[in-house]
Amino acid sequence: MEKNIVIVDDSESIREVVEFTLTNAGNKVKVAVDGKDALKYFDGSKIDLVVTDLYMPKMDGIELIKQIRKKDDYKFVPIIFLSTESQQNKKMEAKEAGATGWIVKPFVPEKLLAAMNKVIR
Amino acid sequence: MEQFKKKFLEEAADLIAGLEKALLVLEENMDDKSVNEEVFRIMHSLKGGSSMFGFHKMDSFTHNLENIYDLIRNNKLKLSREILDITLEAVDHLKILLENGDELSKSDEKTHNELSGKINKITQNIQQSSNEPPAKAEAKTNEQNKPASDNLPAVDEIPTYHIIIKPFEKIFKNGTNPLLFIDELSSMGHCKVYAKTGKIPLFDKINPELCYVSWEVFLATDKSTDDIKDVFIFVEDSCEIKISKIADINLPAKSLFVKDLDNLMRDDDFCDTYKLKELAKTVVEKEKPDDELELTKAKNVTSLAKKTAINNIRVASDKLDNLMNLVSELITTQASLSLYAENNENTELTSIAENIEKISRQLRDNTFEICLIPIDTILIRFKRLVRDLSQELEKEIQFTAEGTETELDKSIIEGLTEPIMHIFRNAIDHGIESADERLKKGKPKQGKITLSAFYSGTNVYLQIKDDGRGLDAEKIRKKAINRGFISPDANLSYKELLNLVFLPGFSTAAKVTELSGRGVGLDVVVKKISDIRGEVEIESQLGVGTTITIKLPLTMSIIDGLLVKINETYFVLPMTAVDKCYEVKTEKLQNNFNNKIKLDENLVPYINLRKEFDIQDNMPDVQQVIRVKHEDQNVALSVDNIIGEYQAVLKPLGQMFKDLEIVSGATILGDGTIALVLDSGKITNTFDRETIKKREEVLKAKIDRENLEKS
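Residue numbers (the working numbering), protein chains in the order written: chain E, 1 to 121; chain G, 1001 to 1711.
Mixed in with the good hints, there may be bad ones.
What the hints assert, rightly or not - In the DSBU-like style, the derived pairs of lysine-lysine whose C-alpha atoms are separated by at most 35 Å in a straight line are:
#, chain 1, residue 1, chain 2, residue 2
1, E, LYS58, G, LYS1057
2, G, LYS1076, E, LYS66
3, E, LYS111, G, LYS1229
4, G, LYS1410, E, LYS3
5, G, LYS1095, E, LYS91
6, G, LYS1057, E, LYS90
7, G, LYS1229, E, LYS91
8, G, LYS1551, G, LYS1410
9, E, LYS91, G, LYS1005
These are computed hints drawn from the structure, not numbers from a lab.
Taking the hints into account, I'd like the entire structure generated from these sequences.
Structure follows, in structure tokens:
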């Protein structure tokens, strides 16, 4: 089933890996370069999954998650964050903000897909 | 992955450049938290990328580097100049790491270790005291995929686990769907799931945002407990999970067990493990295991490459060059088409030709725009140069840049970097004095170098200004005489004297330092700049400073022009210079006073192009006068006919004509005729020079007369 996925990362290469992987898995992908940029997609249209980086200029991942959760339409949309941060405190902060799951960089496409399968059907 | 690696290389190069820039900004303002944050963020991105794409050395290197700035942003460490120095060194090393990946040459390896050592030393002390284990970038080796259990081992042999899943009510708030765990669990082996629905309130009391259901799962799998735990990795803290092994055999496959279980599960309470184990023991008699173990949960990875909207793409620059060439060719061809259509008086063809003309013009403009990049992009190198040089020479120099958003053609920028670097080196090494010397002269201790860029007409100007010792015209004169560049009695203006420094083999610095004055003089700068059709000018005041101005064309190859005709010869004037066109009677032109004609009630100096190009035949009765503007100066040019607008693809004229100042190139017209492209700026300049000369002569005569009178 085709999913609508929003990818948020300031690194173009990471964005492309994620985009490529998810698109190849038969999904519809939209990309944004930071949290602020990403918010434009949350206009009521159907979004099944958000994959976001944590450290980004303008608006970081945690703030983005908070903003998304504030919107009625996206209260329950699964959000996966990507990070090299394996420290517990960042994870907790993101979860507190409403993140669904995470992927630790470096990751291979299979890991991303596995994580995705954990949060959406 | 390879294709992304290439992308990463480009991106990382940008990141490193950005990092360098941010560090230099940080150096100016060490307490600026936002810049520090930026530095940290870039390092973080770099680390993330390098770990993804197999740059392990870079990964760990940036990781350590990042730690420093993490400590700083958390106020555990104070940023010092020393740290910045090391970081900048590290940035240089990053470039090497990026280029060579993990395979370093011996000397690079040595630098790598030395730098790593230095960096670790910075963080060590603090980290020990704060007792925080260094955040290792060790990837949690989460085995990526759980190959669907389509080939289960002998069904009986696998152990059975009892799993209790009790989500917290608020679990939905994280966008978690608990059913997905159940799904994943069932894909791991043979399983039996019971939902506990007793907590669901009456319908009108239900809050749809809360989760009221829990589950009990009996799973027979060959996976380990850890693997099962992995299923819940995202929800460890929003779920109560209990996993226990209850038997070494596949219980869910035993119908007897399942029957008993069904009875047990009617109760809403969770089963206790002991009870289950007992039950398992009683299932001694083996029953035929269920045959159908349909667990085809193969993850279908459908290859459906779909294009999505991309905001920016990166293109190799030679592709742009190609595009540019093709556009030039297209425009030349389009001119032929237009001409052909016109001559054949075929209205249909004419309208098509006009359309093509319109489109190719738009195409040209767009292509130009693509090729324009802001000067900002090379600025960082200058900043770095100033920083490094001033440190090395122990001079204090403040570098400022203005108008960095000014855009120039990519190829021009490429050709510009080296000459400007040279000018900078000169300014820092020879121009700006040492702090002591400056103080003695009553100047501020800190020297100043300014790079400003601005548009003016069809040109972009770059000015590099320093407040150093300036050029000594007399010294230059003496030296020029010594070297035999000029004769001792040569009468040169101040400006002409200054311009002598651009001659090959001219160097005023008394001592040759390591930095500049390596025998490469300013003549190379002039050469390089003129290669990109630019001009260099120097102004200087002894003791006050030097300003070098570089004038550059906006684009290199195609210009919008006005096609004009004198007798049978075609010329193209750059459209940007053209102000207004007039019709004037030839006799009026010939009878003018002091080469000035009256246009719109203003007297405008006038250049007869016929005279300039020595064309005498077929003088028409009425001539066209074109008013052109150049640096706030109006000049009128006379031609026979104005044909109209024309897109001229500039072609160089070849060595023979390189001294022809007023012609900037040639272009091929639709019918194959060649038209010269005039440089209106140069034309007005020659005019200027002539008038100035005349005025000087007058002035000189006057002074001579005065002297004569005195004596």
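Hint by hint, here is what the structure shows:
1. Simply put, LYS58 of chain E and LYS1057 of chain G have alpha-carbon atoms about 29 Å apart, close enough for the 35 Å limit, and the pair holds.
2. At roughly 28 Å between alpha-carbon atoms, LYS1076 of chain G and LYS66 of chain E fall within 35 Å of each other, so this suggested pair holds.
3. Proximity of LYS111 of chain E to LYS1229 of chain G is assessed by CA-CA distance (about 16 Å); at most 35 Å being required, the pair is judged to hold.
4. Among the hinted pairs, LYS1410 of chain G with LYS3 of chain E is inconsistent with the structure: their alpha-carbon atoms are about 41 Å apart, more than 35 Å.
5. Of the pairs offered as hints, the one joining LYS1095 of chain G and LYS91 of chain E holds, with about 31 Å between alpha carbons and a cut-off of 35 Å not exceeded.
6. With a CA separation close to 25 Å, the supplied pair LYS1057 of chain G and LYS90 of chain E stays within the 35 Å bound.
7. The suggested pairing of LYS1229 of chain G with LYS91 of chain E holds, with an alpha-carbon distance near 18 Å, which does not exceed 35 Å.
8. Between the alpha carbons of LYS1551 of chain G and LYS1410 of chain G the distance comes to roughly 16 Å, so the proposed pair stays at or under 35 Å and holds.
9. For a cut-off of 35 Å, the pair hint linking LYS91 of chain E to LYS1005 of chain G stands: about 28 Å separates their Cα positions.
Consistency note: the structure conflicts with earlier hint 4 alone.
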